[in-house]
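So the protein lines, in turn, are chains A and B.
Numbered per my numbering, the first sequence spans residues 715 to 1107.
Numbered per my numbering, the second sequence spans residues 715 to 1107.
Note that these hints are calculated values from the structure, not bench results.
Quick caveat: nothing in here was measured; it's all calculated off a predicted structure.
Treat the hints with care, as some may be off.
[What the hints assert, rightly or not] Computed cross-link-like contacts, EDC-like style, restricted to lysine to aspartate or glutamate with a CA-CA straight-line distance of at most 20 Å: (1) A/868 with B/811; (2) A/859 with A/949; (3) B/867 with A/796; (4) A/867 with A/949; (5) A/859 with B/768.
[To be verified] Here are the computed distance ranges between Cβ atoms for each label pair: (6) B/726 with A/735: 31 to 41 Å; (7) B/1072 with A/959: 28 to 38 Å; (8) A/750 with B/720: 16 to 26 Å; (9) B/760 with A/787: 32 to 42 Å.
Backbone N, C-alpha and C define an ideal beta-carbon position, used for all residues, glycine too.
Number of protein chains: 2
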Amino acid sequence: MSHCRVVQATRQIGYEVHMAELLRDGSSSGLMHRVAERRALMVCSPTVARLYGEALHRELARENPAVSFLVLQVSEATKTMDQVAAVCRAALEAKLDRRAVLISVGGGVISDIVTMAASWIRRGIDHLRVPTTLVGQVDAGIGIKGAVNFESKKNYIGVFHPPSAVLVDPRFLHSLPARHVRFGLSEIIKIALVRDAALFHLVEQHADEFMSAPLDGERAPVRELVWRSILGMVDELQPNLYEDRTYERLVDFGHTFSPALESASAYVIHHGDAVAIDMALSSAIATHCGLLSPDQFERMLAVFKRIGLPTWSPLLTLERVECSLTEAARHRGGCVNLVVPTAVGRAEFLRQQTEIPTSLLESALARNAAGAGSKMPPRVFRRSSPPAETASL
Amino acid sequence: MSHCRVVQATRQIGYEVHMAELLRDGSSSGLMHRVAERRALMVCSPTVARLYGEALHRELARENPAVSFLVLQVSEATKTMDQVAAVCRAALEAKLDRRAVLISVGGGVISDIVTMAASWIRRGIDHLRVPTTLVGQVDAGIGIKGAVNFESKKNYIGVFHPPSAVLVDPRFLHSLPARHVRFGLSEIIKIALVRDAALFHLVEQHADEFMSAPLDGERAPVRELVWRSILGMVDELQPNLYEDRTYERLVDFGHTFSPALESASAYVIHHGDAVAIDMALSSAIATHCGLLSPDQFERMLAVFKRIGLPTWSPLLTLERVECSLTEAARHRGGCVNLVVPTAVGRAEFLRQQTEIPTSLLESALARNAAGAGSKMPPRVFRRSSPPAETASL
């Protein structure tokens, strides 16, 4: 006897990414009407709590006393299951039921932790995201992922749990430190280079304004920067939100060599900078393959420079680059699928590692090392290289 | 400016529930071909490990050395996030990648823990379920849920994470203690009463065989019992797998008063027995409403009696019954939606609490107390009085 029954477990969910007005007096209604009369728990970091969270919570709690508030001391290095459990504990204390909602106000780490907690509590409750950083508003905050580190393995434990809405108000960016603007622009350039020449042009035009003073979320170029980036990101993410449809993802641009680089630097090199160095190398590879004109390559690098994004690191050795390609192939169904720009706003995949021979990688690395003002071939900087060897070259 | 973009986050997943042959020499191929050359981690309890797990693992590891094995000391009372973390840690040690698979072999608790771990590891990896108990094979093991207790709140933390397949081999039931057969039959009767008169007839016909000796998974009535229950369960679950489509669920039969009863007994009354007591009360209510004929009601109770399922408990006080109805309405979108049989194999919903006045509840409780040979309340449930449980029947 052989019986077999197929169960269809399709889940239909949709969510809104909304350009909202949350930071004008009495205008938090965009958040309020989504919470309505439900029980809720707002979560933020101490800094965001002080800058925005406490005021936002006060405003919500005035209309709905069942909105609780939790301040969580977080950092990328310490985001763990314990912090997710802390949110679950607060949710239990606040008597959140199945209809309740979590609200994350903050950057990627808070969003990660709250997304996971929302996914765990009573097998999944709603969560609203209010990203306050540029990376959060154009990248980390608008997808459906959340993850924490586990036993020192970065993002080993995670979930896919769509938010019920993402409320984006560029006015939050006013308080963002310049380096975090830079990290956000790195992800924006990623999306611009692979699919949106006009967005790249916008960055090119306004790079100095974006980097010289606090970002003014009332200004049209800033708002266009944010919204256009969101649209590009959503368009790329949507067909493969659960990362189970294809291994060819344009948003992987800048994300092939960067993990090894961040890890080699013990995460001293921030993700945004690592992505920039990765994009620069991938573009140099494209140029050496004859896929990208030197002019276009230089145009890209000029923008990197104006924003202060690095284009090379001695830690990105040939060995690490080749290991990263092997690792990428392992995670991308056997194909390297290196995303390389063929012009500003257009990209292709280099599918096989054989398309990227060692000699080509060496040339690309040397070019970027030289461009960054270094005379040293990057391969010298190996983890086990004794200083004597470095000196001799 | 108001920009809004809707992201479609629909996820298409399907999985097989398969009547498999896993316990014949060299026949674990049903499991083997699903694992193939992937990395895997099999998880079971000490008892199941000794009875089946070690042998199954040996057989798999002979073909694929990348199949690891974890024995986890589990119980319903101690299933927590720590145990999920223990599986995640073992998965990390066994170098499970995104394509890897977890295999749960065992009852509901192991299945709960492994489902959660599979959902967490790298944002979700495959898991295969091999349920070894009757409840697992016809109920807990074939859905998509997993949950653990949190801060003494039962099943507060959980996930929906469809298995990639459920492999059901009734031969596992041979080692199942009689009381666990009883618990399984309670869930089977649940499905039978609300939608499958022929299944109820099968239980009626073979109740003595099912309860008198180890279940023989080679025998046709046992196999039919399991498969028919699975089909009924799958049909009921599928349209509402994520419990977000409707609050009218026939599978809630027996699950309105049972949570309070289990809790009041400090979980000394097992879920299966609590469900039976709940079904008996719901059916008595139906009879008192004139929805179920006394004949049909007596026919049901006769089967309960032959199986040894309880039909009343002094812990199920009028107060607890009324609180349960209020609680049900809170969880079922404002409606009580009490499932009551109108005949063997057919059921209806009592939607409003006003349809079930206190006087009716009192009569129904008194009827079942009398039927159980009690003058209310002659017997005291104590942790140290296990014989009392059966003595009253």
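Now the hints, each set against the structure:
{"no.": "1", "hint": "A/868 with B/811", "verdict": "holds, 14 Å"}
{"no.": "2", "hint": "A/859 with A/949", "verdict": "holds, 16 Å"}
{"no.": "3", "hint": "B/867 with A/796", "verdict": "holds, 17 Å"}
{"no.": "4", "hint": "A/867 with A/949", "verdict": "violated, 30 Å"}
{"no.": "5", "hint": "A/859 with B/768", "verdict": "violated, 36 Å"}
{"no.": "6", "hint": "B/726 with A/735: 31 to 41 Å", "verdict": "holds, 36 Å"}
{"no.": "7", "hint": "B/1072 with A/959: 28 to 38 Å", "verdict": "violated, 55 Å"}
{"no.": "8", "hint": "A/750 with B/720: 16 to 26 Å", "verdict": "holds, 20 Å"}
{"no.": "9", "hint": "B/760 with A/787: 32 to 42 Å", "verdict": "holds, 39 Å"}
Hints 4, 5, 7 from the list above are not met by this structure, while the remaining hints are.
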